[in-house]
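Engineer: This is what each chain is made of:
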Amino acid sequence: MTAPIAAAAARGYGRNYLPFAYPALAITAMVIVFPWLFTLFMSAHEWKIGSPREFVGFANYVKLAGDPRFLESIGHTLWFTLLSVVLPIAFGTGAALVFNERFPLRGFCRAVFILPMMATPVAVALVWKMMFHPQLGVLNYILTSVGLPPSLWHTSIDTVIPTLVMVEVWHWTPLVMLIVLGGLAAAPTEPYESARLDGANAWQMFRYITLPLIMPFVVLAVVIRTIDALKAFDTIFVISEGGPGTASETINIYLYLQAFAFYNIGYASAIVVVFFVLIIVLAMVLLWLRQKSKWS
Amino acid sequence: MSAPARTSELSWLARRVASKLAFGFAVFVIVSPAILVMLWMLSLSLKNEVDNMAYPPVFIPSPPTLANFEAVFENSNLMRYLVNSLLVTGGATLVAILVGVPAGYGIAKASAHRTAICILIARITPALSYLIPLYMMFQMLGLTGSLWPIFITHLVITIPIFVYVMIGFFESLPPDLEEAALIDGCTLWQAFRHVALPLARPGIVVAMILSIIFSWNNFVFGAVLGGRQTRTLPAAVYNMLTFEQVAWGPLAAAALLVTAPVLVLTLFIQKEIVGGLTAGGVKGG
Amino acid sequence: MTMTTRKENRRGLSRRAALRAGAGLLAAPAIMKVATAQTSGAFNWRRFAGQSIEVSLTLGPRANVLRAHEKEFTELTGIKVGSEAVPEQQHRQQVVIQFNSGNPQFDVLTVSLHVQKRLVGKAKWLHDMKPLLADSQLTAPDYDFPDFTGGGLRWATQGDGRMDTLPLNIDPWMIYYNKELFAARGLAFPKTFEEIVMAAEKLTDKASGQFGWVSRGLKNANVPVWTSFMLGYDVDPVNTKTIQLQTMTDGAIAAAEYYKKLNREFAPPGTVGFNWNEAQTSFSQGKIGMWIDGIGFAPPLEDPTKSRIVGKVGYGVMPQGPKARHSATFADGIGIPVASKKREAAYLYCQWATSKLMCNRLLQSGGGSPCRASSYTNPEVVAGIKLPREWLQCLQDSAAIGRQGLPEIVPVTEFRDVFGVGLTNTLGGADARAEMQKATEAFTPVLAKSEA
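Each protein sequence line maps, in turn, to chains A, B and C.
When you line the first sequence up against the working numbering, it's residues 1 to 296, in that order.
When you line the second sequence up against the working numbering, it's residues 1 to 285, in that order.
When you line the third sequence up against the working numbering, it's residues 1 to 452, in that order.
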C-alpha cells in the first residue's frame with residue numbers, strides 16, 4: 001500500500017462499514033429473535049400440547065441432566081459427527097489432489113463427482129434405504145456376489161451408525177473436495193518447482209508444501225462439516241428414524257421426537273438450548289483453530 | 001542404444017504407464033459411487049414392481065416402463081410443488097443476494113466478527129427449534145396457507161450462506177483498488193458498487209449455488225409449515241410412501257424428479273462452481 | 001346461514017339397535033335421539049352448494065376409497081372438496097401442530113382413534129357429533145344411525161359422553177399365512193400360541209432363505225404385535241379403571257418374551273427395521289410362513305402386479321392364547337374441528353363418508369371394515385368384495401373377539417415409543433423382563449402426569 005492509502009486506512013474507515021450489514025441483520029433478527037425468545041421462555045415451562053402450561057423454572061434442565069436417553073443421544077451425536085467429519089475430509093482431500101491434475105474428461109468426472117452433494121437428501125436417503133434392504137436390497141446382493149457375508153446395515157445396533165455415516169460420506173465428500181480444490185488451485189507453483197530441483201519426491205512435496213498450503217481450507221471444511229454433521233437430520237430420520245431402538249438417536253432426532261411426537265414443547269425447548277450451546281462450543285473451538293492457521 | 005539405457009528407458013515408461021493406470025483407477029474409485037447410486041435410482045424408477053422386488057436384483061429393466069412416473073404425476077400435484085419450490089428458493093436466493101453481499105462486504109471491511117456471529121447463529125440453530133414458534137407467529141400474522149411462511153424461513157438458510165461466503169471472499173480481496181477509489185472521492189457505497197462488486201462475481205456465484213442447493217433440498221420447513229397447496233417438492237416426496245407397499249418404483253421416480261432440476265443445473269454449471277470456489281483463493285498477494 | 005337446532009322438530013325417539021348377530025360383529029344397544037324419517041323433506045344435500053372444504057386424510061385404503069369417489073360428493077352436494085392423504089406419522093403431527101395454533105387449515109380430518117382419541121377429547125378440538133346427528137335438517141333421513149355397531153360407537157365416544165368423531169373403520173389384527181408353505185410341510189393353521197411356535201419352527205429353513213414368521217420390529221410400530229400377544233394372556237397394557245401400567249405383570253412379560261422368541265429365531269434378519277410395509281413386502285415374496293398385522297393390508301397380497309402369492313394367502317384368526325382369545329383392534333374416525341367455519345358443509349362430508357354407500361364400498365375394496373352392520377349382511381355387497389370369502393369370514397370372526405389393542409390414554413405415541421424401544425432391544429438379545437422394567441419405569445411418571 002502506498003503512503004496516502006495507508007494514511008486513509010488509518011483514519012478508521014472500519015466503523016462506517018457496518019450499515020452495509022443492517023438489512024441482513026434486520027431480516028435475520030426478525031426471523032430468529034421470536035423463536036429464540038419463545039424457546040427460552042418455553043424451556044422454563046412444562047407444556048404438553050393439549051394441556052395447560054405450567055412454570056417450572058430449571059426443572060426441565062435438571063431432568064435433562066438425568067435423562068439416560070438424552071445422555072445416550074449426546075454420545076451417538078458425537079460419534080456420528082466424528083466419523084462424518086474425518087472421513088469426508090480424508091476422502092475429499094484425496095479427491096481434490098486427484099482433480100487438481102489435468103486428465104482427459106476431467107470436467108465430466110468432476111460434474112459426476114459433485115452430483116451427490118446436489119441431490120436432495122430426503123429423496124436419496126429413500127433410495128439408499130431401498131438399497132439397504134437385508135433380503136431384497138442391491139447392496140447385499142453385491143456383497144454376497146463377491147463372497148462377503150450380507151450385512152444388516154441399518155437394521156442392526158452395531159452397524160447402523162457406520163451405515164448412516166456411509167451415506168453422509170457419499171453425500172458430502174464432494175463439498176470438501178471443492179473447498180480443498182479451491183485451495184490447491186490457488187496455490188503458487190514456485191515452491192514445487194524449487195523442491196523438484198532440489199530432488200524432493202511426491203510424498204515430501206505433499207507433506208511439506210501442499211499440506212501447509214491447503215491447511216486453512218481443510219480447517220474451513222472441518223468447521224462447515226462439523227456444524228452440519230451435528231445437526232444432521234434428514235438422512236438419519238428417513239433411514240433409521242433413530243433406531244433400531246435408540247441406537248442411532250442423535251440429539252436432533254430426540255428433539256424432534258419430544259417436540260413433534262410426544263408434544264412436550266417445554267422439554268424440547270430445553271433440549272434446543274443445550275444442543276445449541278454444544279454446537280457453539282464446538283464451533284468456537286474450531287474457529288479458534290482456524291484463526292491460528294490463517295494463511296497470509 | 002546401449003542395453004542399460006534401454007532398460008532404464010523401458011522401466012521409466014513402465015512406471016509412467018503404471019502411475020497413469022493407478023491414477024485412472026483412483027478416478028474411477030472416486031467417481032463410481034456417485035454415478036452408481038444415481039444409475040440405480042434411474043433403474044428402480046424404470047422397472048415395474050415385480051422387477052423391483054426381484055432377488056437377485058434386476059439391473060436392466062425388461063421391459064422398461066414409464067408407469068412409475070405416470071403414477072407420480074397422477075397421484076400428486078407435482079407441478080404445483082415444483083412451482084412452489086422454484087418460488088421459494090428463487091425468492092430466498094434473490095433476497096439473500098441483495099442483503100447478503102453488502103453485509104459480507106461490510107463485515108469483512110469492518111472486521112466485525114461479533115456481527116458475523118449474530119448472523120451465523122441462524123445457521124447454527126437447529127432448524128426444528130424454529131418450527132413451532134414460527135408457525136404460531138405466522139398464525140398470528142394471518143399468513144398461514146400461503147407460501148410466505150416457507151419463503152421467510154428459507155431466508156434463514158440462504159442469507160447466512162451468502163454472508164459467510166462473501167466475508168471470506170472480500171477478506172481475501174486486496175484493498176488497493178477500493179482505497180484508490182476512496183481517495184478519489186467515492187463514497188463507501190460507490191466504492192463497493194463499482195469496484196468491489198464486479199470483482200465479487202466468483203464469490204457470488206458460489207454462494208448462489210450453495211444457497212440454491214440448500215434451500216431447494218430443504219425438507220423440514222416445507223413439511224411442517226406447508227399445507228396441501230403450499231408444500232415444497234422434497235416434502236411432497238416423503239409423502240409418496242404409498243400405503244399398499246413400499247412401492248419402490250414410484251418412490252424412485254419421485255426421488256429422481258425432485259433431484260433432477262438441481263442435478264441438471266449442476267451438470268451445466270459445474271465449471272462455474274469449481275471456478276468460483278477455486279477463484280475464492282487468493283491469486284497472488 | 002346459521003343452523004339453530006330446531007328443538008321443536010326433534011322427535012325424541014329412543015331406538016334400541018338389536019344385536020346384529022348375522023354379522024357376528026359386536027353390536028350393543030345404542031340409545032340415541034336421532035332424526036327420523038318423519039321429518040324428511042327438511043333435509044337437502046345441496047343446501048350448502050357453492051362452498052368448498054378442506055379435507056385432511058391419513059394415507060391408507062380408507063383415504064383411497066374416499067378420494068376415488070370425491071367427485072360424486074361434489075355432484076351430490078355442490079360442495080367442492082380439496083383433499084389430501086398424508087402418511088400416518090406426519091398426519092398425526094401436522095394436525096396437532098395446526099390444532100395447537102388455534103386455526104387448523106382443514107374442515108374435516110380422519111383421526112387415528114387408537115392413538116389420538118384421548119388427546120383430541122381432552123383438548124376438545126372437535127365438534128360433538130350428537131347435536132348434528134339429532135338435527136333433521138342436517139342429517140339425511142336414510143342415514144340410519146342405529147346401523148352403526150356398538151363397537152364402532154364405543155370407539156367414537158369419549159369418556160364424558162361426547163361423540164367427537166363418526167366411526168369410519170375398525171382394524172382387527174389377524175395372521176396371514178402362506179397356504180402353499182403350510183401344505184408342503186403338512187401343517188394346519190395353528191390353534192394356540194404354542195402351535196404358532198411349532199409351525200414357525202418347522203417352516204424355518206435358513207439355508208433356503210425360508211422363514212416361518214415375520215412381524216414388525218421397528219420401535220413404535222411393533223407395540224401392537226406385543227399387545228396382540230398380551231391380550232392372549234388376558235392383560236391390557238393399562239388398567240383403565242386405576243390408570244396403572246400393567247406392563248410388569250406376568251402376562252405382559254410372557255408376551256414380550258414370546259415376541260422376542262418368534263422374531264429372533266424364526267424371522268428373517270433385519271426385521272428390527274421393519275414396519276408393516278417391509279413385512280408385507282417380505283411376506284408377498286412367498287418365502288415367509290406367517291405374518292401378523294391388520295386385516296386391512298390384504299389387497300396388495302392378492303394383486304398379481306405386486307405379489308407372488310396370489311391365491312395362496314390364508315387368513316387366520318388369532319389363535320387361542322394361554323388365558324384368552326382376542327384380536328387386537330384399532331380404529332379410525334372422521335371429525336370436524338371446532339374452529340372450522342364450514343361446520344355444516346364439513347358435516348355433510350362426514351355423513352357421506354360414513355353413509356351406507358361408502359361403507360359398502362370400503363368393505364368391497366377389502367381395505368378395512370366399516371362400522372355398519374348392514375354392510376356385512378347385505379348379500380350384494382358381500383358378493384362384490386374383491387377378496388376371497390375367507391377374508392370376510394376372518395374379519396367377522398376377529399371382530400367378534402375384538403379387544404382394544406392400545407391403551408386409551410393421552411400419551412399413546414410416547415407409550416408406543418418407550419415400550420417399542422424396549423421390544424426392539426429384545427430383538428438384539430436384551431432380556432425381556434429388564435427391558436420392560438426400564439420402559440415401565442420411564443413411562444410411569446409420564447402416564448401419571450398426563451392423566452392427573
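Hints listed in this document are in silico derivations from the structure and should not be mistaken for laboratory results.
Treat each hint with caution, since some may be false.
As the list claims (entries may be wrong) - Sample of chain C residues facing chain A (criterion: CB under 10 Å; computed from the structure):
no., residue
1, LEU76
2, LYS287
3, ALA430
4, ALA434
None of these values were measured; they are calculated from a predicted model.
Heads up, the beta-carbon is just placed ideally off N, CA and C, and yes, glycines get one too.
Engineer: Run the structure past the numbered hints and jot down the numbers of the failing ones, going up.
Structural biologist: 1 and 4
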